[in-house]
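J.: For the sequence shown, the residue numbers in our numbering are 197 to 751.
In case anyone wonders, no lab produced these hints; they're calculated from the structure.
Each hint can be trusted.
Simulated restraints on C-beta separations:
hint, residue 1, residue 2, range
1, HIS542, GLN434, 35 to 43 angstroms
2, TYR246, TYR384, 37 to 45 angstroms
3, THR396, ASN720, 42 to 50 angstroms
4, LYS629, SER514, 15 to 23 angstroms
5, LEU248, GLU331, 18 to 26 angstroms
6, CYS566, ASN385, 46 to 54 angstroms
Straight-line alpha carbon distances no greater than 27 angstroms define the calculated BS3-like cross-link-like pairs of lysine-lysine that follow:
hint, residue 1, residue 2
7, LYS244, LYS255
8, LYS715, LYS629
9, LYS635, LYS683
Note that the Cβ used here is the ideal one computed from N, Cα and C, for glycine as well.
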Amino acid sequence: MSEKNQRNKSLSRHRVLVVSILCLFAFCLLAQKPQTGTSAKQDGQKSKVYLLHADLLRKDARVPDAQVVVGNVVFRHDSTYMYCDSAYFYNQMNSFEAFSHVRMEQGDTLFLYGDRLFYDGMSQIAQMRMNVRMENRTTTLLTDSLNYDRVYNLGYFFDGGTLMDEQNVLTSEWGEYSPATKQSVFNYNVKLVNPKFTLTSDTLGYNTATKIANIVGPSDIWSDNNHIYSERGIYNTQTGQADLYDRSVLINEGKQLTGDTLSYDRNLGIGKAFHNMVMTDTVNRNMMTGDYGYYDEKNDYAFATRRAVAIDYSQGDSLFLHADTLMMQTFYQNTDSMYREMKAFHKVRFYRQDVQGVADSLVFSTVDTCLTMYKDPVLWQKNQQLLGEQINIYMNDSTIDWAHVINQALSVEQIDSTLYNQVSGKEMKAYFKDKQMRKVEVIGSVRVVYYPMDSDSTLIGMNVSETSNLDLYLRDQKLERMVMKPKSTGTLYPMTQIPADKKKLANFVWFDYLRPINKEDIFNWRSKKAEDQLKKNVRGPVELPNQHLFNKKEE
Numbered sequence: 197m198s199e200k201n202q203r204n205k206s207l208s209r210h211r212v213l214v215v216s217i218l219c220l221f222a223f224c225l226l227a228q229k230p231q232t233g234t235s236a237k238q239d240g241q242k243s244k245v246y247l248l249h250a251d252l253l254r255k256d257a258r259v260p261d262a263q264v265v266v267g268n269v270v271f272r273h274d275s276t277y278m279y280c281d282s283a284y285f286y287n288q289m290n291s292f293e294a295f296s297h298v299r300m301e302q303g304d305t306l307f308l309y310g311d312r313l314f315y316d317g318m319s320q321i322a323q324m325r326m327n328v329r330m331e332n333r334t335t336t337l338l339t340d341s342l343n344y345d346r347v348y349n350l351g352y353f354f355d356g357g358t359l360m361d362e363q364n365v366l367t368s369e370w371g372e373y374s375p376a377t378k379q380s381v382f383n384y385n386v387k388l389v390n391p392k393f394t395l396t397s398d399t400l401g402y403n404t405a406t407k408i409a410n411i412v413g414p415s416d417i418w419s420d421n422n423h424i425y426s427e428r429g430i431y432n433t434q435t436g437q438a439d440l441y442d443r444s445v446l447i448n449e450g451k452q453l454t455g456d457t458l459s460y461d462r463n464l465g466i467g468k469a470f471h472n473m474v475m476t477d478t479v480n481r482n483m484m485t486g487d488y489g490y491y492d493e494k495n496d497y498a499f500a501t502r503r504a505v506a507i508d509y510s511q512g513d514s515l516f517l518h519a520d521t522l523m524m525q526t527f528y529q530n531t532d533s534m535y536r537e538m539k540a541f542h543k544v545r546f547y548r549q550d551v552q553g554v555a556d557s558l559v560f561s562t563v564d565t566c567l568t569m570y571k572d573p574v575l576w577q578k579n580q581q582l583l584g585e586q587i588n589i590y591m592n593d594s595t596i597d598w599a600h601v602i603n604q605a606l607s608v609e610q611i612d613s614t615l616y617n618q619v620s621g622k623e624m625k626a627y628f629k630d631k632q633m634r635k636v637e638v639i640g641s642v643r644v645v646y647y648p649m650d651s652d653s654t655l656i657g658m659n660v661s662e663t664s665n666l667d668l669y670l671r672d673q674k675l676e677r678m679v680m681k682p683k684s685t686g687t688l689y690p691m692t693q694i695p696a697d698k699k700k701l702a703n704f705v706w707f708d709y710l711r712p713i714n715k716e717d718i719f720n721w722r723s724k725k726a727e728d729q730l731k732k733n734v735r736g737p738v739e740l741p742n743q744h745l746f747n748k749k750e751e
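Work the whole structure out from these sequences, hints included.
T.: Next up, the structure:
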């Protein structure tokens, strides 16, 4: 045999020896696995249920697998003690059935009472039946069927139950309660009764420590003064504070507040709505919208901002009014002198099919049902325009009764694209009937540019007049006749001989570019052109005769 063959044989024996050692090592490991598995099984075994005491222990052929124990029976499983008058003890199954005056105590915080109990030591689930009462410090749960899971420290009922704490009583068809977290969940015909309100729901979470209810389904909260509807949110039953989502609704004495997010304080009576806010007054048939709303129900005060709109729908045609901020205040509440004011601040624009207007600010008071437009107000009705330094509009059942234009009053009626009837004066009073202007009284420094017509509506010419007082009578939104006081002859120019400088009064302006054209256009603020601004009437102090004598005396 060659040296090479001998070397190969030697290597083969070496490999066999190595493989044999590895196999022996693997066999040792395999031999150890059952022992390790047995140890793990022993470590994972459930603790045993012990029978600590009974006055009598016997066997009964009717329950061959159980020991019958009677009188002052006491069981223990870990740190939990269970008491009863009698029981079937299934020692091999690590469980028992208990009867009469059943009581289960876990530490010094959880007590469970009932007429019957089946306890499984393997699953650590206690099934208590009939006249069940669970007590956890200041919380009591009443039902006829309760399962309590000691592993998860959770009790749940499924055949109707009542949970009570210091402030609230909750009932539902199905529910669960955790003594450790104090959290409970209720389903089906849920009702929470509090001395100040009642909450009904389909699904509700409630924490007995924080007194906070978690709304996760269609829910209604009723109290003496208001009603809340929400499908998602939290409600603190102790403080009365709520944060509600998903278009929740707050209703108070005919007023309704809705928003994507709603914050409410029951004690203060304050509600706040964020995003897509709608505040509706179903009694007076009006509403406010915006991206933020605030309502104080105790003081009957509200305001809206961020694309705020006030809508009056008491008449057949709704009026839409926009401003940077809208506010509603109530004065002398609950007295015979009570009245309300609605205020609109900055960049006011409103639209209704029969009337439109713009102003810097606006106030409406129920004292005299007067709507006052401040700073550069303009009012339109069809082809007619009214403007001045201030316009007071007196309402009758949400329609215009009459309007008072104060200082630099100007009335313009558009005939066509180039011709306008014009009247100016110190002040002007316009009277309406059936939503149409029927008469206008112009007082002080009256100037007129008027185009009379014959019976077939053909223009005769242009009349230019000046007087102290003027009464205008209109029919179907057209000037029918005028009466001047004192009588003024004026000048009538034929249509072909009208001087260019006489066609328009000195303060004439036609604000068609400011006029809202529809309810969406109220958001588009347009400022007056510089050349169209009113020049304010400013009167300086009048010096009295011999004023210098008084000035010397003061010195």
